[in-house]
Amino acid sequence: MSPESTALPMLHVSTPAGERYETVIDLERVRAAHHPLYRERQTVSADGNVAAALATLQMWRCILYAGFPITPSTKWLETVAVKVAEDAHGIKRVKLLEAEHAVADYLVGAAAACRDLIFPTATSSVGLDHMTETTRSLGASGLGNVMLIDVYRATANFPLCIEGDPSDTLAHRDDGFIQIACRGKQQIYDTILQSPCLGMHPDVMTPTMPGFYGIKDSHRSARLTVEPDHEIHEFQDRWIEPCQLPGLINGDTALGNCVTSRFFQGFKLAQKRRLERSLDVLPMIGADFERTFGRPGLAYFDSVGWREAERVDLAVVSMGPDFGTFEALRPDYEKRTGLKVAGLAMRLLTPFPREAVRLKLANASAVLVVNQAHHVGRGHLTLDVADALSNLPSPPRVVSAFAGLGGADVSEDTWEAMLDGAREALDGKRTPPWRLYHEGRAL
Amino acid sequence: MSGYKETALKESCFRPGSTLCPGCMESVAFQNVGRVSDNGKKTIFTIGTSCAEVSTLAFPNVVAWGRGDRAPDDFAKSFSILHNVFESAPTLAEAVRDVADSLESCGALKSPVQVMAASGDGGAFAIGLRALLHTIHRRTRVTIMVLVNEIFANTGFQYSPATMPFAETSTTPTGPDFPGNPQMPLDYIHLAIAAGAGLVAQVSPAHGKLFLKTVERAIECPTTAVLFVPAPCISGWKFEDGETVELALLGAQCGVFPAFTWERGKGGKVLDCPLDAKDRPGIEEFMARQRRFQHMVKRDPATGTPAIQPGREQAMERLHGWVQENVERLYRLAEMK
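Chains as they are written, first to last, in the working numbering: chain A, 294 to 736; chain B, 5 to 341.
Certain hints may be false.
The calculated EDC-like cross-link candidates involving lysine to aspartate or glutamate, where the alpha carbons are at most 20 Å apart (straight line), are [stated by the list, open to error]: (1) Lys-114(B) to Glu-321(A); (2) Lys-114(B) to Asp-409(A); (3) Lys-565(A) to Glu-648(A); (4) Lys-114(B) to Glu-315(A); (5) Lys-628(A) to Asp-530(A); (6) Lys-213(B) to Asp-276(B); (7) Lys-302(B) to Glu-289(B); (8) Lys-302(B) to Asp-181(B); (9) Lys-273(B) to Glu-332(B); (10) Lys-213(B) to Glu-267(B); (11) Lys-114(B) to Asp-319(A); (12) Lys-114(B) to Asp-78(B).
Residues of chain A clear of chain B, computed beta-carbon distances all greater than 10 Å [unchecked claim]: (13) Arg-322; (14) Leu-572; (15) Pro-589; (16) Pro-688.
Worth flagging that the hints you see were computed from the coordinates, not collected in a lab. The C-beta atom is built at its ideal place from N, Cα and C for all residues, glycine as well.
All chains, please: the whole structure from these sequences, using the hints.
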């Protein structure tokens, strides 16, 4: 022991990732230092950014909020900053960094320093792109205590478009994050409360990227039910156990090693398996959330119009708030056409729930996939759906559409035009690989 | 402050087993910093991608870090290290510092933690200048060590913003009209001071006692301490085995990278490098020992004296001018408080 040392010998245990010192960090002190934002259930008015901010502020495990502003996610950071500033003697801090890349690096350092705390941020579009060098490291890191909230916005600057389409999140499918899409303020709030439970689960240990549409959801307000902090803590504590692996502070460990290709295989296999295990864990967390708070919890997708073991003529697969327009017009469309029409609004984007999607769509005669992000081919969702259906003996025809690019509204006319286009497949006609729709017609 | 002998007997967190080149100054620096940091506080290192990463953290090779053969019972002796992308080391360190400070502020962490970042000059001055300057600008209580070997050594000895003028690198080759690197180096010491560092130093283990004392002061600095470590690279500078420390000393004495220490509010000093060029060793001897300058200087076979290559006189004159400017600039910076 060095002469200056003031520390006493400490209980430590060996783990596959190095030594963990048991009593170095007293998490109960962090929990005790949390100042509740809500002591009872309340209904407030909030836009999506505020809903996301409130959720992160209510978690006792969130004490550092790193960020860099970018439209349309900026209000998440501003809201957190305001609430932190209002909280006298609180321990929560906002960390303003000089660029999104720095935010991502910061998340690596913070999450590795203490694996029992949750480190959130929010970004959009090219901000997420700017983080990419490090988000790919994060995705492989096992640091499930990172939560990157993506407020969807079109990417690329030629031309620049600041409205919300999910081309940013869909361009990052391979970063290694669990990507969950939300629609509506309540679902945003609820999803963010559940995401760390999934990411930090010992079988999963994968960072999460909950996301929602910029402008359509980030900037429009609605009623939001917020839960009391203590109930959120009880729920999260059921799922988040102290991490068995050492962090930088409570460990004698090395993270971010360099490996030869021979050993790289094992790391990648483990990463894929951790990600895929989220398929098993996610429904359990969702069910517990629903039991606890009485609202639907995490799910692979929202289902509309499906009847038990009954065939549907046309199934729609899409995501985001424009799916609500389809939900609203679906009954009339069924009446008018005599077709049975159902739909899936995807929630879990990555890993894509192939099995569940196949089971659902196996009962459809044709599938219309509505993509809302630029893609070089038939669309991100189309490829996933086609892959999910590929093992069926006689898979339904898949019709691919693009609509709502750049955050454009997908109107009732546009939905009807897309549904009419998909009916061509039911009639046995050839359909083009994809069509791009806007304002009620194919362009 | 610990005595030189006392420090030498401490347990370094840098251990045998690295695959750094024999004679690499980085391993000498790590060995020394590793001893100084054995001071009763838990040490956490962050590093960006560099020789330091690929040569010390390779799996399944030996991870050349940690104090002792086994995890120590004394938490203060424990050691952790984190690597991420090239430019990330200062930001990683800042994050670790903030988490530790937050935990301490609510009583959740009672054992002190010290955080050090290590980058190469490629990671710090080229791809990572933003990260370096902003962590300094935020006055983060970390020690940032930049190992300046004047090249991107890890990727094959390419030009970096710290490359000495007229040096041959794999991306600034020489030719009849191309005398190596045409750029003047980035004034990184001035940048670090201007960004707000609490302590800035340029010193290598060639100045043994000064190096240890400076590292000790850097660790104790209440804001960001930045330690630029001139690091002769045996493979990139192309010099003979066993000359690393001599070359580092000579380079400092002749004015290429003078030993310099500075603290905010106190000012600084240039050490072992007189202001007047005639009182310093000539840079020709420093250059003649490295094949990266063989197009500029050669030894007279009869006398062994370095002589300027024919046709390079003008370039050599410019180089002398840069060295003198470099020394004078540091003397001026030393006067700042």
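How the hints compare with the structure:
Of the supplied pair hints, the one linking Lys-114(B) and Glu-321(A) holds, its CA atoms being roughly 13 Å apart against a limit of 20 Å. As the CA atoms of Lys-114(B) and Asp-409(A) are separated by approximately 17 Å, the hinted pair is consistent with the 20 Å bound. With a CA separation close to 16 Å, the supplied pair Lys-565(A) and Glu-648(A) stays within the 20 Å bound. Distance restraint check for Lys-114(B) and Glu-315(A): the Cα-Cα separation of roughly 13 Å lies within the 20 Å cut-off, and the hinted pair is therefore satisfied.
Taking the CA atoms of Lys-628(A) and Asp-530(A), the gap is near 48 Å; set against the 20 Å cutoff, the hint is violated. Simply put, Lys-213(B) and Asp-276(B) have alpha-carbon atoms about 13 Å apart, close enough for the 20 Å limit, and the pair holds. Of the supplied pair hints, the one linking Lys-302(B) and Glu-289(B) holds, its CA atoms being roughly 9 Å apart against a limit of 20 Å. The suggested pairing of Lys-302(B) with Asp-181(B) holds, with an alpha-carbon distance near 18 Å, which does not exceed 20 Å.
Restraint check for Lys-273(B) and Glu-332(B): satisfied, since their Cα atoms lie roughly 12 Å apart, inside the 20 Å limit. Among the hinted pairs, Lys-213(B) with Glu-267(B) is consistent with the structure: their alpha-carbon atoms are about 18 Å apart, no more than 20 Å. The suggested pairing of Lys-114(B) with Asp-319(A) holds, with an alpha-carbon distance near 9 Å, which does not exceed 20 Å. For a cut-off of 20 Å, the pair hint linking Lys-114(B) to Asp-78(B) stands: about 14 Å separates their Cα positions.
For Arg-322(A), the requirement that its beta carbon stay farther than 10 Å from each beta carbon of chain B is not met, with the minimum near 4 Å. With 10 Å as the threshold on Cβ separation, the claim that Leu-572(A) sits away from chain B holds: the shortest Cβ distance comes to roughly 28 Å. Look at Pro-589(A): its CB is around 34 Å from the nearest CB on chain B, clear of 10 Å, so calling it non-interface holds up. With a minimum CB-CB distance of about 42 Å to chain B, Pro-688(A) clears the 10 Å threshold, and the non-interface call stands.
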